[in-house]
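Each chain, written out:
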Amino acid sequence: MHVLLVDDETELVSTVAERLSFRGIDADWVTSGREALRLIGEKEYDIAILDVRMPGMSGLELAREIRSIRPGLAIIFLTGHGSQADFDEGVSQAGEEYYLTKPIDIEVLVGKMKEVLG
Amino acid sequence: MSFLERIKVPFWDHRERVAGAEGQQYIFRNKWKMLAAGICLLTLVPLGASTLFFYQNSREQAVRELLQETRVFAADTALDVYMFLKQYIMVLQVIGTMYGRDQLVESALLAQIFASMAGTDDAFIHLDVLGAEGHVLASRCIDTHCRRHRAARWIDDLHEENFSMGHIVSEGGTRYLFVRVRIADRDGSFFYLRGLLPTGAISGFLDQLELEDIVDVFIVDSSNRLLTESAYFGASGDRAVMPEDRDLPTAIMVEHPETGDGRVLFVGADYIGRTAMKLGLVVSERNLEKFRGRIRRYIFGLVALSTVFLLLVVFTLVTYVVQKLYQADLRRREYLDQVARSDKLASIGRLAAGVAHEINNPLAIINEKAGLLQDLLRYDDRYREDERLLKITDDIIAAVQRAGTITHRLLGFARKMDTSVLAMDVEHVVREVVSFVRKEAEYKDITIAIDVAEDVPEIISDRGKLQQILLNLINNAIAAMDRGGRLEIRVRNIPGEQGVVLSVSDNGCGISEENQKKVFEPFFSTRTRDGGTGLGLAITYGLVRDLRGSMELESVVGEGTTFTITLPYEIEAEEE
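First to last, the sequence lines map onto chains A and B.
Under the working numbering, the first residue of the first sequence is numbered 1, with each subsequent residue one higher.
Under the working numbering, the first residue of the second sequence is numbered 1001, with each subsequent residue one higher.
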């Protein structure tokens, strides 16, 4: 399983990536939407895990871009700082159904990834 | 508890600070007094004026009543006098019928009869026997003036078929009354008997008629010359002041003939029978006072009753109205307190939400780092069995989860501050908020102008938040101005901008350019000394953003400040 993690918090995203690697999941991480789009153009991924709130390009905008270039790529959102409201405002409006709230439980994340990939 | 304590209305003891006055005042009590005094004045002045009018007219009314009474007295008394004189006619009729002409002409009989009647004050002083043609057949007299009497002018005031009566004026000017009867003799012829009476004969009778109300009774001839003595108009022969003959029986008011000081007498008169002689009587002015007293008592009784009734109605009504005002004022304060409380709660909620957002990020990092540490331990053979280290990382993760739960709760609390979104009239909201602060503005002598363009439509937004926004801005504006300032609230429709623009302008101290950048930051305040928390504008800014609006600030130091808020026509309700 090849995963791309996108979050503006370097400490957070790098740690999650490392933890996934312990569970046999190969994870790349970037801190902006632009870098994410570049990597997706270069590599094949099974799942993209995106933070909703990011400076510059938000997670939702990034998701739209990704879908236009890689329609089959599964996406899981990490909603802003654990607030249900943020998800209500943005993610649900965008018609997304997979999300997790921060702080995340790594096992829950892995479970969700498996669920997404069927 | 005294009676007054029991009926005391709640507003009576209410005190508060009043615009433009030192110290606390009983504002509702004062309102009550002012209203009560005003309405009392409005109702009692006309009542007093009409009372005064009727009081002034009471004399005229009393005069009318007394004249009427005097007229009745005169008519009654004239009838009494007529009946009295008729007694003499009857006496002569008895004598004439009993003795006949022939016997009476014999001087001895006439003298005998005359002598038997003489000796009393009211007896005839002269008796004549007259033939059918009126010539004297025999005559008896109490003194030696018989001839003179006969020579006098006999004035037949009344000439009935069987009798006549009248008066004569003798040579010396002395006046007498006479009666004459026509008597049918036994042989079918007839003759006359005539008797002369001194006016004194009737005076005694008249004296008896003088009662409490009637102070003088007298008889006058057709030319109003006195036949009997009068207490007011003089002796026999003097002229009395009498009403016009054509009006009799009647009464008139005349000036007192002796005092000449404006005092009056009431003179009543009527004819005595159908003679030309008239009876006059006088009722004193004292009776007038008696009548006036009665009328005044009636008027004052009525006025006292009306006043008591009016005062009762006025006091009850005024108390009711002021009580309603007081209750409305209480409701307004309660509402204002409620708004202030919810504003405070909203501030706390927003603060909590801000803190939660900020803490969540480091929490997430701690969580991931602790998780990584745990992974490192678990996947490393050296530490896999070290329960103590694994437990430590578990505890860290558990503590982070706990902190996460708290921040979630805080965010939930902040979300509950959000209220319903409804259609509303912006002008109505503006006026409502202004009504809350009007007292404070009045206290500082600040004019508030509201200018709402006609084309401003209803907007769909959060009423509570808009109220808080306006309340904060208006309170800031009032705080920024000195006495006599001017606050202007304008509302405009900007179709191009798809929204409504509200501006709150003051001509207060203004905000320096340096501070303009900071005013929306939390905890920035220039009013820390008088209780400013520095959160007002930060919260306001947050509220405007909640309403999907924008806020701008223009300010010139010394000239004033304008906050301009643009709100969309419609925002969507947030889901709980």
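One should not assume that every hint holds.
Here are the computed lysine to aspartate or glutamate pairs in the EDC-like style, where the Cα-Cα straight-line distance is at most 16 angstroms [what the hints assert, rightly or not]:
| id | chain 1 | residue 1 | chain 2 | residue 2 |
| --- | --- | --- | --- | --- |
| 1 | B | K1369 | A | D46 |
| 2 | B | K1517 | B | E1572 |
| 3 | B | K1444 | B | E1387 |
| 4 | B | K1369 | A | E35 |
| 5 | B | K1369 | A | E115 |
| 6 | B | K1086 | B | D1102 |
| 7 | B | K1369 | A | E44 |
| 8 | B | K1290 | B | E1552 |
| 9 | B | K1290 | B | E1065 |
| 10 | B | K1518 | B | E1554 |
| 11 | B | K1369 | A | D105 |
| 12 | B | K1391 | B | D1375 |
For the record, the hints were derived by calculation from the structure and aren't laboratory data.
Taking the hints in turn, this is what the structure says about them:
1. Pair hint K1369 of chain B plus D46 of chain A does not hold up; C-alpha atoms about 25 angstroms apart against a cutoff of 16 angstroms.
2. Annotation: proposed proximity of K1517 of chain B to E1572 of chain B is violated, straight-line Cα distance about 31 angstroms (limit 16 angstroms).
3. Taking the CA atoms of K1444 of chain B and E1387 of chain B, the gap is near 72 angstroms; set against the 16 angstroms cutoff, the hint is violated.
4. Annotation: proposed proximity of K1369 of chain B to E35 of chain A is violated, straight-line Cα distance about 24 angstroms (limit 16 angstroms).
5. Pair hint K1369 of chain B plus E115 of chain A does not hold up; C-alpha atoms about 25 angstroms apart against a cutoff of 16 angstroms.
6. Distance check on the hinted pair: K1086 of chain B and D1102 of chain B sit about 25 angstroms apart at the alpha-carbon level, beyond 16 angstroms; violated.
7. For the hint linking K1369 of chain B to E44 of chain A, the alpha-carbon distance of about 28 angstroms lies beyond 16 angstroms, and the restraint is violated.
8. At roughly 88 angstroms between alpha-carbon atoms, K1290 of chain B and E1552 of chain B are farther apart than 16 angstroms, so this suggested pair is violated.
9. The straight-line distance between the Cα atoms of K1290 of chain B and E1065 of chain B is roughly 11 angstroms, inside the 16 angstroms bound, and the hint therefore holds.
10. Among the hinted pairs, K1518 of chain B with E1554 of chain B is consistent with the structure: their alpha-carbon atoms are about 13 angstroms apart, no more than 16 angstroms.
11. Restraint check for K1369 of chain B and D105 of chain A: satisfied, since their Cα atoms lie roughly 12 angstroms apart, inside the 16 angstroms limit.
12. Of the supplied pair hints, the one linking K1391 of chain B and D1375 of chain B holds, its CA atoms being roughly 12 angstroms apart against a limit of 16 angstroms.
Figure legend: structure checked against the earlier numbered hints; hints not met, in rising order: 1, 2, 3, 4, 5, 6, 7, 8.
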